[in-house]
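Following the hints, put chain B in place on chain A, whose structure we already have.
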Amino acid sequence: MDIIKINDNISLRYIRMDKLKTTSIAVFIHRPLKKDEASYNALLPLVLKSGTELCPDRAAVARYLDNLYGATMGATTIKCGEDHVIYFDAETISDRYAPEGEPLTADLLKLLMSALFAPKTENGAFDEKTVELEKKNAIDKIAAFMNDKRQYAADRCRQETARGTDFAISRLGDADIIKNITSRSLYDYYRRIMTSSVIDIYICGDTDIKAAEAAVKEYTDGLSFTAADIPKTEIITRKYGELHEVTEEMDVAQGKLAIGFITNVKPTDADYPALIVMNSVFGAGAHSKLFNNVREKLSLAYYAGSQLERYKGMIIVNAGIEFKNFQKAYDETLVQLEEIKKGNISEHEFTSSIVAIVNNYRSFLDDQRALATTSLMNRVAGRDKTIDEMIESIEKVTPEDVTAVANKLQLDTSYFLTGKGAE
Amino acid sequence: MELDFRKSEKTGEEMYSGTHSSGLKIYIVPKPEYSGSYAIFGTNYGSVESDFVVPGESEVTHVPDGIAHYLEHKMFDQPDGSNVFDKFAKYGGSANAFTSFNVTAYLFSATSNFEENLATLLDYVQSPYYTDETVQKEQGIIGQEIRMYDDNPGWQLFFNYIGCLYNSHPVKKEIAGTVESISHITPEYLYKCYTTFYNLSNMALVIVGNVDVDSAMKVIEEGIKKNEPFTEPIGRVHPDEAEHIAKQRSEKKMAVAAPMFMLGWKDNDVNKSGAELLKKNLEITILLKMLFGKGSKIYKKLYDAGLINNTFSTDYTMQPDYGFTSLDGESNDPEQVFEAILDAVDKVKEKGLSEDEFELAKKVAWGKYIRSHNDIENYAVTFLQLQFMGIDYFDYYDVYKTVAFEDVKRRFDEHFRRENAALSVIRPL
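So the sequence lines, in the order shown, correspond to chains A and B.
In terms of the working numbering, the first sequence opens at residue 6 and continues consecutively.
In terms of the working numbering, the second sequence opens at residue 270 and continues consecutively.
Same shape as in the complex, but just chain A (with noise of 0.2 Å):
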């Protein structure tokens, strides 16, 4: 990867790679996850993609995508701890497809840094209808949070298992709080972290990465910035206390059970890899002890897995059962974490889990967003290795390492997401 200093706060970071038929291009602005900048920067990315200088509304934005054949500029945030980033995806079929030899990826890089960096306003502030209508589609997406039962759960396991915390802020924003955005506030507000925020540029593929260095300096040449540093995410850390237990009613036809763990690693710490290679042999795929016992031997489910949250040194586990299985699932889960603890891991729910990882780690030198956003989480968790050096740190796991680790795991929190009514 090159990296190229555009200022104090902007990097432009380029990898190549042509064996890939498009070239990608990422932004990432890094912002601390706050109650109220939270819904502000739910709302920017909508209203950026919406409208800038070059195109003026929605359908100049998506004409001048499908002339380059086209092209994507997707823009949202994603939570990374508390550094909530506003996240803009771009990807067009790289030069040598197009089949005019039009110069695709300079054209979308100038559309993507206009989005950015000279957006449609009027009189000082955005554009009113279009922040309207925006604001619609920030708060209908807070609300469409709920369609997928599967996902709430997990998510509002992970929301009271930080509780307490700012990373229990929903990275879609407050619905209460978009209402008051004003297109003045929400410009007032870009102006001010566009020039007071780390932003790492991206761009993966087969580019003139000098011509597009140019190209990112013609618009933040005549501003000017204030140093600014990557937002940290310390993990959660809680005395053993009684069990948080959380119930939610709604009417659905089956119960989604979600367990929250406080892993009490950080994601520099040297134990790590080991926690991943826990996580995977405790509930990450068909060779895991959650799938092989609560699905395979007892029936109870078709998905029962894991997930690590490495920012905040959680593993939630989420599961769909019927509502009376409730506590047979959730005993089997303890049980086989306690199996972990003591120390038994087969030689094939070890190796299959190392194997999974790794396997996983290279097929993203195979995508192109997964290595920028991968980059992006190593850097925001101040772990800043290669996919190489990630193989190798999980290679050198022991079974002895993933028994310590799984010692440090500390149950916190029981949510169950049941019928209305339900016994």
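Be aware that a few hints might be false.
Claimed, not checked - Pair ranges (Cβ atoms, derived):
#: 1; chain 1: B; residue 1: Gly-659; chain 2: A; residue 2: Ala-275; range: 56 to 64 Å
#: 2; chain 1: A; residue 1: Ala-173; chain 2: B; residue 2: Gly-575; range: 28 to 36 Å
#: 3; chain 1: B; residue 1: Asn-647; chain 2: A; residue 2: Ala-275; range: 33 to 41 Å
#: 4; chain 1: B; residue 1: Ser-351; chain 2: A; residue 2: Lys-347; range: 25 to 33 Å
#: 5; chain 1: A; residue 1: Glu-254; chain 2: B; residue 2: Glu-608; range: 34 to 42 Å
#: 6; chain 1: A; residue 1: Ala-130; chain 2: B; residue 2: Asp-602; range: 26 to 34 Å
#: 7; chain 1: A; residue 1: Ala-130; chain 2: B; residue 2: Gly-575; range: 15 to 23 Å
#: 8; chain 1: A; residue 1: Lys-244; chain 2: B; residue 2: Glu-457; range: 58 to 66 Å
#: 9; chain 1: B; residue 1: Asp-602; chain 2: A; residue 2: Arg-176; range: 52 to 60 Å
Please keep in mind that the hints were generated in silico from the structure rather than gathered at the bench.
Just so you know, even glycine gets a beta-carbon here, dropped at the ideal spot from N, CA and C.
Leaving out everything else, chain B in the frame of chain A:
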């Protein structure tokens, strides 16, 4: 066996292909610069086949709904009691399977030991083993899979929509069946379906990624078990489907935040395959972009009026014997969206389509094709599914270049008829 070799000038892609004496069709796309490799072994058999005539028999066999999907789950049990996932895991392969309306497929991705993984794939899919006990065990797991879909509003919206379009075509049935239908599944039914639809002449193998063609072929030749290819087609018994739609509206209440809608048109220009079907697909895809894409007048009008939000999307689903367009999203007033879209289509009928917009939408289709080569998994799955429709995705350009504005105009008149349009809605409780 000898393989044919092709190289595309437009994309730079290479492909080896051929038909084995067992009847199995084989396609290999080597990409030596990739880290990963992917193989998919599939049968042209999915949820729509509940009634069929086995080649050589005269009676129709009737089996319970959801059996293709059930069989897919049960393929992972092996005669020697071994676990298929264990074998893949040993070689670093990540295995999976899926069942759709017309295809059941078994697949793996790997970044090492490709040959060993491929041998495992070929072996287990050719080793059926069903007992009362193992079949019984799956009822609970699939029962929970069905429950999961019961709570999935997007899935319910989709099946209610197809239920509006089709009177009797089995595409309207749930892929996994119902808790009731799967309770009738027995080992005997599973073996009957297996010996019919998993005959290698009804199957194909697609391999994409970092593979050596010669060593892959050696594994394939050794891995293919004895198989007598069918000399006549499997009788797929589907009731005759009338042209009219079953009903115009469907509505259901679920735990969702805002009303969700899916609307679109039933395709009656069916019973096509191969290049003809691909051409129809291109025409309709181009039309969806021209009429309802983010740059279109209709989209802008609905969006600016707050009637749709950025969840709105369009799609075309096709098989040789059925097809439909679908437009879906969230709206506080789905009825108004439906009416506005039908009216807007009528207006286009009066004023005509724009040739400039046609050229722009056609460009987008080309970009999408180029991009589809990036992801080895998506490419292999797309290739397999199209292969079962008689479409050669490698030769896409040959069909693409023939799509003219006149074709699209004709297709517009043929497809977007008010009487073939339906609306499915999921409303909050």
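> Lying within 52 to 60 Å: is that true of the beta-carbon distance B:Asp-602 to A:Arg-176?
Replying inline: violated (29 Å)
> Lying within 15 to 23 Å: is that true of the beta-carbon distance A:Ala-130 to B:Gly-575?
Replying inline: Between A:Ala-130 and B:Gly-575, where Cβ atoms are some 21 Å apart, the hint holds.
>> Between the beta carbons of A:Lys-244 and B:Glu-457, is the distance compatible with 58 to 66 Å?
In response: holds (59 Å)
>> Taking the Cβ atom of B:Gly-659 and the Cβ atom of A:Ala-275, is their distance within the range 56 to 64 Å?
In response: Because 57 Å falls inside the window, the suggested range holds.
> Measuring from beta carbon to beta carbon, are A:Ala-173 and B:Gly-575 in 28 to 36 Å?
Replying inline: holds (31 Å)
> Taking 33 to 41 Å as the hint, is the beta-carbon distance of B:Asn-647 and A:Ala-275 inside that range?
Replying inline: At 38 Å between Cβs, range holds.
> How does the Cβ-Cβ distance of A:Ala-130 and B:Asp-602 compare with 26 to 34 Å: does it lie in that range?
Replying inline: holds (30 Å)
> Between A:Glu-254 and B:Glu-608, is the Cβ distance one that fits in 34 to 42 Å?
Replying inline: holds (36 Å)
> Do the Cβ positions of B:Ser-351 and A:Lys-347 conform to the proposed distance bound of 25 to 33 Å?
Replying inline: holds (26 Å)
Checked against the numbered hints above, the structure violates only hint 9.
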